[in-house]
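For the record, the sequence lines run as chains E and D.
Going by our numbering, the residue at position 526 of the first sequence is 703; the numbering climbs one at a time, nothing skipped.
Going by our numbering, the residue at position 110 of the second sequence is 287; the numbering climbs one at a time, nothing skipped.
Calculated from the structure, these hints are not laboratory results.
Any given hint could turn out to be false.
Straight-line distance between alpha carbons at most 20 angstroms, and here's what the computed EDC-like set of lysine to aspartate or glutamate pairs gives [as the list claims (entries may be wrong)]:
#, chain 1, residue 1, chain 2, residue 2
1, D, 705, E, 559
2, D, 406, D, 347
3, E, 705, E, 559
4, D, 705, E, 688
5, E, 705, D, 205
6, E, 708, D, 231
7, D, 705, E, 694
8, D, 705, D, 205
9, E, 667, E, 683
10, D, 412, D, 347
11, E, 536, D, 229
12, D, 181, D, 205
13, E, 536, D, 231
14, E, 708, D, 683
15, E, 705, D, 683
The lines below spell out each chain.
2 protein chains.
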Amino acid sequence: MPQKFVLGIDFGTESGRVLLVDVENGAEAAWAVVPYPRGVMDHHLPDGTPLDHDWALQDPRDYLTVLREGVPKVLRDAGVRADHVVGIGTDFTTCTMLPTLADGTPLCTLPAYERNPHAWVKLWKHHAAQPEAERINRIGAVRDEEALRIYGGRYSSEWFFSKVLQIVDEAPEIYSAAGRLLEAADWIVWQMTGLERRNECTAGYKGMWIKGRGFPSPDFFHALDPRMKNVVAEKLTEAFYPVGSRAGGLTPAMAQLTGLKEGTPVAVGIGDAHAAVPACGVVSAGDLCMIMGTSLCHMLLGTQRSFVEGVCGVVQDGIVPGYWGYEAGQAAVGDLYAWAFRTTGGSPELLTEKAARLKPGQSGLMALDWWNGNRSVLMDADLSGVLVGATLATQPEDIYRALIEATAFGTYTVIRAFEARGLNINRLVACGGLAEKSPLVMQIFADVTNRAIVLPPSLQASGLGAAMLASVAAGVYRDIPHASERMVGKTTRSYTPDAGAHRVYEALHAEYLGLHDYFGRGGNSVMKRLKALQQSA
Amino acid sequence: MPQKFVLGIDFGTESGRVLLVDVENGAEAAWAVVPYPRGVMDHHLPDGTPLDHDWALQDPRDYLTVLREGVPKVLRDAGVRADHVVGIGTDFTTCTMLPTLADGTPLCTLPAYERNPHAWVKLWKHHAAQPEAERINRIGAVRDEEALRIYGGRYSSEWFFSKVLQIVDEAPEIYSAAGRLLEAADWIVWQMTGLERRNECTAGYKGMWIKGRGFPSPDFFHALDPRMKNVVAEKLTEAFYPVGSRAGGLTPAMAQLTGLKEGTPVAVGIGDAHAAVPACGVVSAGDLCMIMGTSLCHMLLGTQRSFVEGVCGVVQDGIVPGYWGYEAGQAAVGDLYAWAFRTTGGSPELLTEKAARLKPGQSGLMALDWWNGNRSVLMDADLSGVLVGATLATQPEDIYRALIEATAFGTYTVIRAFEARGLNINRLVACGGLAEKSPLVMQIFADVTNRAIVLPPSLQASGLGAAMLASVAAGVYRDIPHASERMVGKTTRSYTPDAGAHRVYEALHAEYLGLHDYFGRGGNSVMKRLKALQQSA
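Start from the sequences, fold in the hints, and give me the full structure.
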């Protein structure tokens with residue numbers, strides 16, 4: 178029997194990664210990275226139209242470029258024939274959303290709309306919808322909407338309806354013209370299959386959709402803005418498809434574009450962080466999966482639903498069918514370290530070497546890691562970073578280490594929030610660029626949280642996860658746990674916490690919590706006033 | 178009549194500056210800078226004996242090097258004969274103190290003691306006596322000592338009896354061996370004249386001495402430590418001499434060392450910041466003199482005594498006889514900017530250029546300027562620096578500008594504390610390196626405080642002030658105001674506040690005060706706990 182392969186395509190922030198793996202054992206046959214030609218647009222549109230502060234857009238045509246260039250390349254590099262590819266899975270950053278015509282044509286590709294920033298894809302890190310998020314939270318709280326409680330009571334400015342509401346507020350003509358409003362995760366599947374097959378994962382985590390109950394009522398949307406009353410009926414759908422199911426087969430046009438066979442099974446979409454979880458071997462309760470890159474996602478499987486502070490979503494079957502999938506996160510982790518390198522002008526290698534020599538507490542410096550707001554317990558994009566304890570002797574490596582520690586304190590705060598609601602966490606499983614490249618960061622996370630951290634064998638967890646979904650969608654495996662058992666190798670790398678270091682970090686974490694609550698829970702709203710002054714300056 | 182000259186010798190932190198001026202009009206004839214060969218010893222003694230964190234020592238022989246090298250050089254450079262030099266004045270950093278034998282021989286110059294760090298000169302910025310300062314404050318508060326009230330109720334770890342008590346605590350053998358304990362300001366005058374003629378200024382500002390009342394009672398010192406009960410009778414003096422008076426004439430040995438005439442009048446000593454005040458033309462009430470260098474001293478003359486929070490000393494005749502001299506200060510100003518340059522790796526020129534383009538409030542960033550503790554309203558060396566409002570977009574110039582603004586907020590806080598007690602401040606007069614070299618800093622200080630700032634014509638205010646005291650001690654002028662009238666030129670440079678900028682800064686200053694009180698007045702003592710963790714790490 179000839180080898181069979183599946184494709185996992187991971188649509189990230191700056192590029193798409195195409196991964197071809199052996200469906201029997203998950204072994205990588207080839208992979209390719211295709212940078213998005215237009216990248217992240219955060220200053221102006223391609224025609225020069227300027228963008229406000231906090232905007233981040235993409236061009237959906239860039240996603241097709243990934244398919245057109247990346248798929249033929251991996252087939253060629255691996256020497257694999259198209260008829261040996263039995264399935265395709267994709268994962269996507271989320272909430273990354275766009276308005277289209279009723280047939281899926283992105284509005285930004287039409288001359289009538291291409292000069293309007295709201296016609297383009299709003300990337301996950303588009304932060305300009307904060308006023309809309311606040312309106313949603315205010316109105317949702319008054320109405321005690323269950324759709325808010327699943328997000329720990331705080332709906333983010335990054336998420337689907339904040340972004341939709343910003344369109345309604347600022348570009349009602351775009352809202353009117355949009356036959357569909359959807360996640361890019363679903364748009365790319367629509368492009369590949371010709372079918373609008375939206376996924377349960379991003380709908381549940383970002384889109385207020387609850388399995389078995391659907392969306393909030395038209396009353397709720399009417400309260401947000403009368404024009405939005407029928408947004409679900411008019412521009413969304415009530416039909417969502419579970420993770421691992423088959424969306425359809427590859428269209429003839431898409432087969433031609435990619436060099437794959439027409440009709441090749443395509444899985445429904447999933448969020449990129451969610452895809453990584455089974456690829457890390459996390460397919461049951463008790464392990465916390467951390468996807469560590471520019472930001473950090475915490476993923477946990479639970480056997481029941483709890484409302485946990487700091488959880489930005491709890492979705493039935495949202496990650497692995499059969500479990501409640503919990504998602505929490507931190508908005509800046511690798512991004513924050515990059516800031517430290519950039520701001521101090523230090524080389525990452527040298528700063529890491531010097532920071533590694535410091536003992537816990539030795540620098541006298543600590544931080545709140547909110548350089549990109551707080552996406553954890555407080556869920557507030559208008560919070561900002563704090564350093565306390567600086568002296569004339571403070572060195573760049575002290576700052577770098579304090580920032581690493583602050584991100585670890587952020588994760589520890591999330592873990593304790595889970596445990597407070599009876600969701601125990603025995604072990605951490607870490608993947609992503611930081612997990613691979615930063616032993617210092619991983620050791621500090623182990624010491625701060627007092628938990629062992631293991632690393633999965635694959636370096637490309639999201640892509641492998643998408644490939645696993647393809648294998649299930651293609652019928653090779655019965656379900657995700659079975660795919661995981663075969664396609665994920667054995668762990669060989671781990672970090673063990675140091676008890677002495679943890680004792681110091683326990684004291685520092687108490688300080689972190691004190692400042693966290695003071696600045697984050699209304700003790701002093703100076704951060705919000707500074708942002709307001711900044712806006713008016 | 179031949180021209181007559183006076184010498185003003187300014188003993189600073191890293192070097193001594195010798196200034197030769199025409200006594201008729203204050204014109205500079207020549208000046209020389211002599212770096213201290215041993216500089217500031219903050220890691221180890223010359224023999225390698227290591228020093229603890231927070232120590233800062235000097236070698237008193239370095240002060241004599243300044244006389245030996247600097248005085249002949251200025252005479253030579255100016256072509257002035259020794260018999261045309263009619264007086265010598267000195268000013269000194271303070272409290273910079275040392276233990277000596279009864280004849281003034283520094284203990285650190287004796288083989289028996291040279292390996293003991295406590296035998297050396299404790300420089301003003303020696304910060305290791307914080308526990309002793311706390312003991313003094315605790316015991317002084319219980320006893321309601323007037324000697325503490327003149328310092329706004331908080332005696333600093335930098336000051337005379339904190340340093341003495343540290344010697345008692347840690348090196349009782351040095352305390353026993355010390356026939357005298359005295360300010361370096363008085364030691365150098367003793368060396369020049371052969372007479373122990375201590376000055377009223379440093380005694381009043383740093384040494385708990387009150388004109389007309391003397392020192393606290395032996396009971397107080399006994400309460401600090403029984404061994405210290407008779408410190409005044411045994412190691413100090415009750416006789417102090419006013420600013421501008423004549424200490425004595427130059428000794429034959431010192432005449433030989435310097436090339437000056439034996440018997441040349443020598444003025445009693447003064448603190449360096451205090452010397453600058455009349456040299457800035459501030460000889461009456463209403464102008465706040467700011468000496469702006471690595472740290473910042475605020476000097477104000479008042480017609481009555483008030484207890485002002487944030488004033489680290491109010492001394493009758495302490496600056497200009499006839500007035501109550503108020504001193505407040507900030508522990509890190511230029512030092513803090515240098516930290517920003519060093520930490521971001523940015524060139525001062527480029528950072529200044531970029532920071533100057535920012536509008537008030539534009540960066541969204543603010544700071545508490547306590548990188549070297551707080552020497553103002555809170556008088557607490559264990560406080561530390563804070564940055565709030567950092568984001569991934571925060572640039573080095575944002576940090577630099579936030580630090581400049583924070584130092585200006587610190588000064589504004591001091592001004593408001595003066596005004597709350599009826600001491601009005603109409604105008605600021607600034608001198609020192611920063612005033613000369615940093616127009617951006619000066620404009621921000623003007624905008625934050627909403628007050629015009631003028632700069633005196635002389636670049637070397639402390640040295641000129643010392644020279645003015647020499648002119649009075651030599652009998653050329655009747656008093657300091659008369660010397661000021663003749664020896665200080667007209668102001669030509671000033672900064673005018675911008676009303677729009679001030680409005681924004683008024684809002685930011687309110688935020689500064691909120692954080693100031695939270696971190697500084699017990700709302701959250703995290704800074705002290707971080708220091709304690711640092712000590713134990």
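Hint numbers the structure violates, sorted upward? 1, 5, 6, 8 and 9
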